[in-house]
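Please put together the full structure from these sequences, using the hints given.
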Amino acid sequence: MSLPHVNTVSQYSHGSTDNNRQQVAGNGMNPTSNEFLTMMVAQIQNQNPLEPADGTQYLSQLGMMSAVESLEGVKTGMMNMNIGITNLEMLQATNLVGKKVLMEANQEVDVSEGQVIDGRVQFDQPADTAKVMVYGEDGNVVDEIKLGPQATGMAEFKIDGDKLGKGTYTFEVVAEQGDSAWTQKMMIAADVESVNIPSDGGTIMLSLKGLGKMSMFDMREITA
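All residue numbers for the sequence shown refer to the UniProt record's numbering, where the first residue is 1 and numbers rise by one.
Because the hints were derived from the structure by calculation, they are not lab data.
Among these hints, one or two may not hold up.
[To be verified] Okay, the calculated beta carbon distance ranges per label pair:
#1 Trp182 x Gly136: 21 to 27 Å
#2 Ser194 x Lys146: 33 to 39 Å
#3 Lys209 x Thr170: 16 to 22 Å
#4 Thr152 x Glu172: 17 to 23 Å
#5 Asp200 x Thr223: 26 to 32 Å
#6 Ser194 x Val116: 20 to 26 Å
#7 Asn46 x Thr76: 29 to 35 Å
#8 Leu71 x Val116: 51 to 57 Å
Just so it is clear, CB atoms sit at the ideal spot from N, CA and C, and this is done for glycine as well.
Below is the structure:
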């Protein structure tokens, strides 16, 4: 037994696919959704009328489309958030020019003759004694600055650049309490002269008076 109307449906479906595509494309949805719906409409129109697809298949496909749209939305949101954070960092950095900041000295520091380094250490616990170890470029100890007993809190001290001489140094604070010894991170207070914002989106660098450039992420406090 022949079913001539099957071919008629198929021909009608092929002829109307372009119209459906135009209607879907003009519905205001994003391109991904438009393409998905166009394919689904074409699939429905070209299916075998004797063996129609299960409705749950279309529901599953619609669910997939919704998931894809959600992921695209999350991606766009993350990109916009990253742009906003970058712009905020740039604005914050430019406002630092002319201000005194407290930087964590976890990298080499350029010292000039006649320069006085304004050092700080935050002690989380009392210490019977503490000292600043100064290392030269070769890693050897070139000076040791005794700080004496320290209570919990911020300790301030000065380092004479004339005594050290011009060069590049690293600093480490060593504290002792009874039989225990530990290291503390040293901070340096300095004036921000300018800000370097890389065009490739890299780390924003602060040019500090007498200390060269240090990463803005090493900043711990704006003191003035």
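Going back to the hint list, which numbers does this structure go against? none
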